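Novice: Listed below are the residues making up each chain.
2 protein chains.
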Amino acid sequence: MLELNPLLNKQNGVSIYVQLYQYIKKGIEEGDIPQGSRLPSIRYLSAQLKISKNTVDNAYQQLMAEGYLESRPRIGLTVLPLEQLLLSPFPRENPKESVENETPVRYDFKYGDIDIESFPLQLWKRCLNKALLDEPEQLLQYGPRQGDVGLRTELANYLFQARGVRCSMEQIVICSGTQHALSLILQLLHSDNRSVAMENPGYGGSRSVFRNHGWSIDPISLEHDGMDIERLRESTASVAYITPSHQFPYGMVLPIQKRLSLLEWANHTESFIIEDDYDSEFRYQGRPIPSLKALDTKGNVIYLGTYSKAFLPAARMSYIVLPKRLLEVYHHKCRDYSQSVSPIIQKALYVFMNEGHFTGHIRRMRKVYQKKHHTLIQALNKYMGNRVEIIGQKAGIHLLVKVTNMSTEELVKNAGAAGVKVYGTSSYWMDGKETEPSLVMLGFGGLSEEAIERGVAELYKAWFA
Amino acid sequence: MLELNPLLNKQNGVSIYVQLYQYIKKGIEEGDIPQGSRLPSIRYLSAQLKISKNTVDNAYQQLMAEGYLESRPRIGLTVLPLEQLLLSPFPRENPKESVENETPVRYDFKYGDIDIESFPLQLWKRCLNKALLDEPEQLLQYGPRQGDVGLRTELANYLFQARGVRCSMEQIVICSGTQHALSLILQLLHSDNRSVAMENPGYGGSRSVFRNHGWSIDPISLEHDGMDIERLRESTASVAYITPSHQFPYGMVLPIQKRLSLLEWANHTESFIIEDDYDSEFRYQGRPIPSLKALDTKGNVIYLGTYSKAFLPAARMSYIVLPKRLLEVYHHKCRDYSQSVSPIIQKALYVFMNEGHFTGHIRRMRKVYQKKHHTLIQALNKYMGNRVEIIGQKAGIHLLVKVTNMSTEELVKNAGAAGVKVYGTSSYWMDGKETEPSLVMLGFGGLSEEAIERGVAELYKAWFA
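Chains as they are written, first to last, in this note's numbering: chain R, 1 to 465; chain C, 1001 to 1465.
Bound conformation, chain R alone (with noise of 0.2 Å):
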């Protein structure tokens, strides 16, 4: 039996099964797995690279189906010749996920992802199988449109103390991620001026769903404290989509002065206002800032949330509430429209912030984050001092950082090649054409304090030394 002895890395963003489904792939292909050989079992080669029983599976399953492996009675799994891989009925394609790096990744440095050491993982799972014992029609149908009537309740009273915005739960509608959202939303504002106003640089992954939905994007440039307005009452746009609370990517709070020429503009020149409070739990100095719908008298805001951040990005749940002059619209257009979000995901939810965890997870989380990002500072400090800008500190789970006489290509590359990988904010910038050429992003959510201490001493050696 054939000895496999991949390198599977935890930390660089591959799932564990991809790494190990793309190491015999290439082994076979390569002729280093000859045909005929038999592959270890399940259960010995998880014991062996020390990975559960159901990642080794899911590579096997993918390769036995891709027509590299075949499960062969009395032998065990078998590779086949390549000749016959041809007559399989699924071309062979390389998964997008595919490894192109060299140097393995030993700190990754990614926007979005949480902290899973921290996450209450046997409570939610407890909280899951709560939902679980729901009458079945609430468990297997489609559930209400809008979403589960107790979440949106829950998330009525927690918007209101949390975030000052009033509502009522019959103006939330539970989406399944930002995208999914903001997609919603232009269907509700489809109009003859497709333009919007957005933040440059700002959210890609908003950006996006306004092009694919034809809209044209006016790019607002920002001054030192948020959108620049006299430049917004120039343009010609519909609807301006902005992040006020932490500004996507630069963190900047937008002033009570502003909101109020935002709220202003809005109300004269009859345009919505698309709030995207994505991360605003996490604000590390000073109190929290109240969200700009709390200011909206006139209903000319459209507040959008998310789960993602402050609970689990694998709940896939967003959120948004639509002003009551909106609402008439929703029904009507989105009158034979299913809800998106598994009842079972949005009960659990309802169990965790019914029983009062949320509030409490949220404390929680800050504190969390708050010493990351206390260590990711300092850690800068000492190690690079006034070699590097330290831009946006005060709230989030990312921070940016310029650094002089070098472009962020070679800041990606250098890092990159040291084991550190650090991400670019061109894809943030309109049509990529970033105004600052040496910055990158460093997010921290899924970094142990200790990684970051180690991966910035990396960084510094990288890009200094």
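Derived from the structure by calculation, the hints contain no laboratory data.
Watch out, some of these pointers could steer you wrong.
To be verified - Short derived list, chain C residues pointing at chain R, Cβ under 10 Å: (1) VAL1149; (2) LEU1326; (3) THR1425; (4) SER1427; (5) MET1430.
What the hints assert, rightly or not - Some residues of chain R that are not near chain C, with every Cβ distance over 12 Å (derived): (6) PRO136; (7) THR404; (8) SER438.
Every value quoted in this text rests on a predicted model; they were computed, and no experiment measured them.
Using N, Cα and C, we set each Cβ at its ideal position, and we do this for glycine too.
Knowing the structure of chain R, use the given hints to seat chain C on it.
Specialist: Only chain C this time, still in chain R's reference frame:
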């Protein structure tokens, strides 16, 4: 302490807790439940009404959130005075799910309900729990953009074996429901000629998506064997949306000649066909009809499937098979998108399929629905004989019934007065203009055979006695 005696109806499609909530709210508003009264405890009311504690709790929570009730120490849930209500931060509005009917619904021939009794709930719970044993990275983060690799691999296998669709898992995108899938497709197809040819009548839930994305709809009438292809050839549409395996709602199967003409049309006009294969698993006569996609050699068919009919609406999961030539567009336009279905649900479904339960489940459900279908046709024949015409009786989980000398409105109203809920088809016709004035839809998936038989007996009395 107050005694509550609401009439709760599990058959009418409104959640029990919404019914209870509405009962109490109405009681308070109309003074039947006076201010200051104490409501029964959750335990007491759940035992009295024989509903779960969760259900009572949900209703109470909602009433508290809206300011009707308050939990007072050592006293319990107390009804607040109505003046105080007006000071509540949450404006009172009637939930859209409100019960308008006077007569309680005893038999609901709703389309889309699955058979809850036959669903393998314990097995599904086991799969969910097994999924929860996976590595935390898999269960807590966003998951791959196109969906779980294992699930897509299983799905590619299934589609090849059951539907003749040859695709690799790289062509599959997991979506959160048909509307979400179609929206994503339209974002890829965005072109100057945003015009779609659709069967008329056809599925309203898809027509709305086209409309809400700014597409114009060219309604193509049906012949006895499906879409009028001659009429399609006159159309200038750039896309055709069709349900070839089981026309919705008429139920005919598109014959091979029309399929080839359709493919030839797409090839000739360089158009795309969106094939919505929503319930092809349930076919009761003859052999299964292979999908249109199975005949598509030029990559002009975009295949759309769902787990809602074949498996579980509450999975809220559908999928697209993209032709290879759209893959690049997808990777470009949706590079910043996240997957929209929770990895937990995806993984549970992967386990269900991977352990081999899926095809067995479909086989079993086919028998269950076949029996119900048989019962419904027998009952219609027995009670109504040639007073009604049955349309589309070879597949699926619904039928159409045509009654002469009565309008759809009368049919629905008279049935309703007798406690039987049946549905008109006007929402499936372009602009609600049905050309068949006396057509009602009978969904039978969610009703027991006994209920079907008794429901039809009541229908007979309501319509003809």
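Novice: Run every hint past the structure and note whether it holds.
Specialist: Hint check:
no. : hint    : in the structure
1   : VAL1149 : 6 Å, holds
2   : LEU1326 : 13 Å, violated
3   : THR1425 : 13 Å, violated
4   : SER1427 : 7 Å, holds
5   : MET1430 : 14 Å, violated
6   : PRO136  : 5 Å, violated
7   : THR404  : 29 Å, holds
8   : SER438  : 23 Å, holds
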